[in-house]
Amino acid sequence: MADSKAEQAGPSNQQKGQQDVPTPGQQGDGAAGGEAKPTVILVIGMAGSGKTTLIQRLHSHLHTQRRPPYIINMDPAVTHVPYNANIDIRDTVIYKQVMKQYNLGPNGGILTSCNLFATRFDQVMHLLEKKRDPPLQHVILDTPGQIEIFTWSASGQIVTELLASSFPTVVAYVVDTPRCVNPQTFMSNMLQACSILYKAKLPLLLVFNKCDVTRHEFALEWMADFEAYHAALDRDTTYAATLSRSLSLVLDEFYQNLQSVGVSAVTGEGMDDFFQAVAKGASEYEQFYVPEMEARRKEKVDLEARRRKREMDKLSKDMQATSISQGGASRAAASPGAAASAASTSRGSQGPAPQTQVMVQGEDDEGECDYELSDESVEESENDEDHEAK
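FYI, the numbering for the sequence shown is 1 to 390, going by UniProt numbering.
To be clear, the hints were calculated from the coordinates, so they are not data collected in a lab. Just so you know, even glycine gets a beta-carbon here, dropped at the ideal spot from N, CA and C. Incorrect hints may have been included.
Stated by the list, open to error - With a cut-off of at most 16 Å between alpha-carbon atoms, the simulated EDC-like pairs for lysine to aspartate or glutamate come out as follows:
(1) Lys199 <-> Glu161
(2) Lys199 <-> Glu304
(3) Lys201 <-> Glu292
(4) Lys201 <-> Glu294
(5) Lys201 <-> Asp133
(6) Lys201 <-> Glu161
(7) Lys201 <-> Glu286
(8) Lys199 <-> Glu129
Stated by the list, open to error - Distance ranges between label pairs, derived from CB positions:
(9) Thr79 <-> Glu148: 17 to 27 Å
(10) Val290 <-> Thr79: 37 to 47 Å
(11) Val213 <-> Leu303: 35 to 45 Å
(12) Asn182 <-> Ser283: 27 to 37 Å
(13) Gln97 <-> Arg235: 48 to 58 Å
(14) Pro135 <-> Met312: 40 to 50 Å
(15) Pro135 <-> Gln276: 14 to 24 Å
(16) Gln276 <-> Ser165: 36 to 46 Å
(17) Lys199 <-> Gln287: 32 to 42 Å
(18) Glu311 <-> Glu148: 16 to 26 Å
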C-alpha cells in the first residue's frame, strides 16, 4: 500500500533527477513544455583539418543512437562527401559553371556560389522549422575549407544570423592537432578561433581532431599555463616567436571560458564528450546570446521608431509651410479690387499724370487742340472769303 501511495504521489527522486537533466537538443521551447528546438552545429575549420570526415563520424554516431541529424553541405567545390546530406549546395549551384560564367578563380567561385545559395536560405529555414516525429535534435552544417569565405563573407553572416535567430547555435572550430605541435601554428589556430568568436558572437567549441595520431593534452597545457607555452618557444628567437609569446599573454583570458574537446574522426574517440560540450554551448546560447540578440533587436526597433518620428516631423513642417504659402496666394487672387485701389492710391499720392501731347487718330476730342486761335486770325479768314466771292 505504501509503495502504491508513493507511486501515486509522484515520481521518485531518481526520476526527478533524470527529468531535470535536458537531453541534447532539448533547449528553448522544450523547457517551457513545447516542442524542443534542434541545436545547430556550425563546423568550421581550415582545409585538411578533417571537417568532412568528422561530420561523417558524427552522422554515424547519432544514427547508432537513433537520433539522426539533419546535415547541410555548403561546400560547392567538394567532389565527394562520405555522408548523406539532406541539403546540398551542389544541387542548387554548379561551382564550375559559376566560375566560367563570371570569369572567377577557385576562391571567387566558392564565394559567389555561397552568396547565390544564401539568397535561397529562407527555404532551408522553412524545412528546418517543419515538425517531425521524432523531433529533430541536431542540425550539422559543413562549411568550405576556406574559413574566410564563410566567416567574413555576406553569405556566411546571413546563414549564421538566420540560424542563430531561430535555433540554439554552437560553432565547432576543428583544429588539426598534429600540426599544432608547432607553437606558432598553434597560435595561428587560436587567433583564428578568436576571430571566429569575435565575428559570430556565438558559443565556440574547440575540437582537436586526429587525436589518434597526436594527443591534444599538450595544447590544453599551453592554454592553461602560458609559461609552458613560453618554454616551448625558448629555443626560437625569431620575431614570430616573440610575437607568439606576447599573444599568449593576451589570449590567456580568452582561454578561460573556452570549451575544448579532443576527438578522432577515424576511431570515433570523444564523440560523447563532443555532444556534452555542444549541449553546454546550447545552454550558454540561451543564457547569453538570446538576451543580447533581443537587446540588439530592441535597439534596432527604437532606432527605426526615432527615424520615422523625425521623418514625420519633417513632413508635418513641410506641409504647414506649403499650406501657409498657398493661403497667401489664394487671398491675393480673391481680392483684385483691393490691389487696383491700392495702385490708384499710389498714383494719387504722386500727383496728376501728365497730359499726352499726341492725339490718337479717330478719337472725338473737340475741346482739345495742339495750337491756339485768336480774334485777328478769325477776321482775316472772313475777309479772305468775301474777296473771293466778289
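_Range first: 16 to 26 Å. Now tell me if the beta carbons of Glu311 and Glu148 are that far apart._
Hint violated: Cβ distance 38 Å, outside 16 to 26 Å.
_Hinted pair Lys201 and Asp133, Cα distance within 16 Å_ = 32 Å, violated
*Starting from Lys201, check that the Cα of Glu294 is at most 16 Å away, please.*
14 Å, holds
*Has the hinted range 48 to 58 Å been met by the Cβ atoms of Gln97 and Arg235?*
51 Å, holds
*For the pair we were handed, Lys201 and Glu161, check the Cα-Cα distance against 16 Å.*
10 Å, holds
*Is Lys199 within 16 Å of Glu129, Cα to Cα?*
25 Å, violated
*Does the hinted range 35 to 45 Å hold for Val213 and Leu303 at CB?*
51 Å, violated
*For the pair supplied as a hint, Lys199 and Glu161, is the alpha-carbon distance within the 16 Å limit?*
11 Å, holds
*Cβ-Cβ distance between Pro135 and Met312: within 40 to 50 Å?*
46 Å, holds
*Quick one, are Lys201 and Glu292 close enough, alpha carbons at most 16 Å?*
10 Å, holds
*Given the proposed pairing of Lys201 with Glu286, does the C-alpha separation stay at or below 16 Å?*
13 Å, holds
_For the hint 37 to 47 Å, verify it against the beta carbon of Val290 and that of Thr79._
39 Å, holds
Figure legend: structure checked against the earlier numbered hints; hints not met, in rising order: 2, 5, 8, 11, 16, 17, 18.
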